[in-house]
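Colleague: Given next are the chains, with one letter for each unit.
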Amino acid sequence: MVEALLTLDVQLTQGSFTLDVSARVEARATALVGPSGAGKTTLLEAIAGLRRPGRGELRVGDHVLFSSRDGIDLPPHARHVGYVPQDVALFPHMNVRRNLVYGALRMRSGQAAPSSPPLDRIVAMLEIEPLIDRGVTDLSGGERQRVALARALLSAPDLLLLDEPLAAVDVPLRRRIVPYLRRVRDELGVPLVYVSHDLEEVAMLADWVLELERGGVVRSAATTRQP
Amino acid sequence: MNAELLQISLFTVATALAATALMLPPGVALAWTLARHRFPGRALVETIISLPLVVPPVATGLLLLYLLGRRGPIGAALASTGVDVIFTWRAVVIAMAIMGFPLVVRTARAAFEQVDARFEQVAATLGARPMRVFFSISLPLAIRGVIAGAVLGFARALGEFGATIMIAGNIPGRTRTLATAIYSYTETGRDAQAAALAAVSIGLAFLAVAVSNRLAGAAR
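Sequences listed follow chains A and B, in order.
Per my numbering, the first sequence starts with residue 1, numbered consecutively.
Per my numbering, the second sequence starts with residue 1, numbered consecutively.
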């Protein structure tokens, strides 16, 4: 059982919108919920290092990603935080295999990151074998999601952020992707934070719910029903 | 084609290629920076690099003459290391590079702006350092525009006249290019040679634009 203690203290202003979040999360899978414009994606981007908070502290366990007090602001490539945006952003000029190994190969050593799970295992777990030599432009929504998920996992993240992993796929397919996410959570022990609009999906996967509204936290609690 | 015309054509193509090689690395780096970053003085930088497009080339040449002449700030430093620039092939290359530079930057910049920043961000979260992100994501996705910019810069270099004649002169066998040769031949009544070189110029320009369009228009 892997429990992640996430420290999420973020104050971030962009234009007229202010994100002001302060939360401690102790969970394997955290659902980030709330109406659109609540700041869910902004929070994920702040954790990934793609947006700089004005003030605050972001930690995964003891690993400090950002601390305005201590002057720490790790660049995204040093955070070990996987991020799958809503559009999944598979690299269009690479086939599935090259997308998958992109994060597994770290430039400094030119070798696989030591803690990377083996490619074969992830490929088998997410049932990607038939896709591996295909281009990414003609994959279906569910296939793209799985490839993006595998790519992020192969970079050996300490935390995985998913922005509406199921939004782009239709309802029958959602029921097929949720088990994959559950495997990630349980077999690999990678804690997840994912944006969701779907209460059913939250119930199927999350053991913590962080609810945002207009840039602030309105609820941060363990779910009553542990999946 | 006689030996003189052949020498002029080859010299022009060689110097234009050298100019393209010279302007490409800084041009691409600047294009990417302008496409991706906001920084103080950005508008000024944009204006300065566009100047060679709008200022008369002869005036640009005059400015280069001041900078690169034996008593100019850059020329004096180079002369002290034994490198002569003015009225040598080096001046031809520099004039061509300066005049072609804005076309490289503008075309490559437009190409980088077309690349979804999301790809670069995700690459970074996958552990790629900025240089790796640039060479594995940004550049490959913008490569057609970058090549098109290089071809345009090359074509502009081939036809460079005003700045070249100011800092490199028009010395037969040493700094004479297609453009300056056509001018000299016409002045001295050697119309047949001028026409032959004009035909070579048109042929090269046609080829360059065709290659550029081919690359820019190729399907993704």
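No wet-lab data here; the hints were simulated from the structure.
Hints may contain errors.
Stated by the list, open to error - Every beta carbon over 12 Å from chain B, so not counted as near; a handful from chain A, in silico:
1. 37
2. 45
3. 63
4. 76
5. 77
6. 78
7. 151
8. 172
9. 179
10. 214
Unchecked claim - Stretch by stretch, here's where chain A covers chain B in the computed footprint (C-beta under 8 Å, at least three residues):
11. 113–127
12. 134–144
Positions of the beta carbon are idealized from the N, C-alpha and C atoms, including for glycine.
Colleague: Compare the structure with each hint and give your call.
Modeller: Right, here's what the structure says about each hint:
1. For residue 37 (chain A), the requirement that its beta carbon stay farther than 12 Å from each beta carbon of chain B is met, with the minimum near 20 Å.
2. Residue-level check failed: residue 45 (chain A) sits 8 Å from the nearest beta carbon of chain B, not beyond 12 Å.
3. The beta carbon of residue 63 (chain A) sits about 15 Å from the closest Cβ of chain B, which is more than 12 Å, so the claim that it is off the interface holds.
4. Listed as outside the interface, residue 76 (chain A) is inconsistent with that label: its C-beta sits roughly 4 Å from the nearest C-beta of chain B, within the 12 Å cut-off.
5. Against chain B, the non-interface label of residue 77 (chain A) is violated: not every CB pair exceeds 12 Å, the least being about 5 Å.
6. Against chain B, the non-interface label of residue 78 (chain A) is violated: not every CB pair exceeds 12 Å, the least being about 8 Å.
7. Under the 12 Å C-beta cut-off, the non-interface status given to residue 151 (chain A) relative to chain B is violated; the minimum distance is some 7 Å.
8. Non-interface call for residue 172 (chain A) relative to chain B: holds, since the shortest CB-CB distance, roughly 27 Å, exceeds 12 Å.
9. Separation of residue 179 (chain A) from chain B is adequate, the least Cβ-Cβ distance of about 24 Å exceeding the 12 Å criterion.
10. Listed as a non-interface residue, residue 214 (chain A) keeps its Cβ farther than 12 Å from every Cβ of chain B; the least gap is roughly 25 Å.
11. As drawn, the region 113–127 of chain B meets chain A at 10 residues by the rule of a beta-carbon pair under 8 Å; at three or more, the given contact holds.
12. Counting residues of the region 134–144 of chain B whose beta carbon lies closer than 8 Å to any beta carbon of chain A gives 4, which reaches the threshold of three, so the coverage claim holds.
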